[in-house]
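Using the working numbering, read the sequence shown as starting at 1 and increasing by one per residue.
The set of hints was computed from the structure by calculation and includes no laboratory data. Some clues are possibly wrong.
If you anchor each label on the Cβ, the simulated ranges turn out as follows [to be verified]:
| no. | residue 1 | residue 2 | range |
| --- | --- | --- | --- |
| 1 | ARG75 | ASN37 | 27 to 33 Å |
| 2 | ILE35 | ALA76 | 27 to 33 Å |
| 3 | ASN80 | GLN46 | 15 to 21 Å |
In the EDC-like style, the derived pairs of lysine to aspartate or glutamate whose C-alpha atoms are separated by at most 20 Å in a straight line are [to be verified]:
| no. | residue 1 | residue 2 |
| --- | --- | --- |
| 4 | LYS19 | GLU62 |
| 5 | LYS41 | ASP86 |
| 6 | LYS78 | GLU43 |
| 7 | LYS78 | ASP33 |
| 8 | LYS41 | ASP60 |
| 9 | LYS25 | GLU62 |
| 10 | LYS25 | ASP86 |
| 11 | LYS19 | GLU5 |
| 12 | LYS41 | ASP74 |
| 13 | LYS41 | GLU31 |
| 14 | LYS41 | ASP23 |
| 15 | LYS19 | ASP60 |
| 16 | LYS25 | GLU43 |
For every residue, glycine included, the Cβ atom is placed at its ideal position computed from N, Cα and C.
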Amino acid sequence: MPHVEIYTSPYCPYCHRAKRLLDSKGVQYEEIDVIANPSRKPEMIQRADGRTTVPQIFVDGEGLGGSDDIHALDRAGKLNAKLGLDQLASGTA
C-alpha cells in the first residue's frame, strides 16, 4: 500500500472532505496538522511547488494537490490506481 500523507488544519472543510474520501476507500494516511505543527508548513509549501493551501495530499511523495484535485481524480476513475487500490482488488499487491 502506498504511503499517503495529507497536510491539514483542524477547521478546514476541504481537509475534512478529502479525509472523508480517503476514509471511504479504507486508505490509511499520515495526517500532518500544520496548525499544531507550524514548522511543517514550509515543508508542505516546498513539496507542493509553492501552494500554501491545505489540504495537500501526497502519495509515495507524488503531490496530488488538494481536495478538489483528488475528487476530480476519483470522478475520472484514476484515484484508486494512485492509491494502490486497483492492485488490491486484482490481488497483485
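Each hint tested on the structure:
1. ARG75 with ASN37: 27 to 33 Å: holds (31 Å)
2. ILE35 with ALA76: 27 to 33 Å: Holds, at about 31 Å.
3. ASN80 with GLN46: 15 to 21 Å: violated (28 Å)
4. LYS19 with GLU62: Holds - the C-alpha atoms of GLU62 and LYS19 are around 17 Å apart, at most 20 Å.
5. LYS41 with ASP86: With Cα atoms ~32 Å apart, LYS41 and ASP86 exceed 20 Å; violated.
6. LYS78 with GLU43: violated (27 Å)
7. LYS78 with ASP33: violated (26 Å)
8. LYS41 with ASP60: Roughly 19 Å between the alpha carbons, so the hint for LYS41 and ASP60 holds.
9. LYS25 with GLU62: holds (19 Å)
10. LYS25 with ASP86: Holds. LYS25 to ASP86 sits at ~11 Å (cutoff 20 Å).
11. LYS19 with GLU5: Distance ~11 Å between LYS19 and GLU5 Cα, so the pair holds.
12. LYS41 with ASP74: Roughly 26 Å between the alpha carbons, so the hint for LYS41 and ASP74 is violated.
13. LYS41 with GLU31: Holds - the C-alpha atoms of GLU31 and LYS41 are around 13 Å apart, at most 20 Å.
14. LYS41 with ASP23: violated (23 Å)
15. LYS19 with ASP60: OK: LYS19 and ASP60 at ~17 Å, within 20 Å.
16. LYS25 with GLU43: violated (27 Å)
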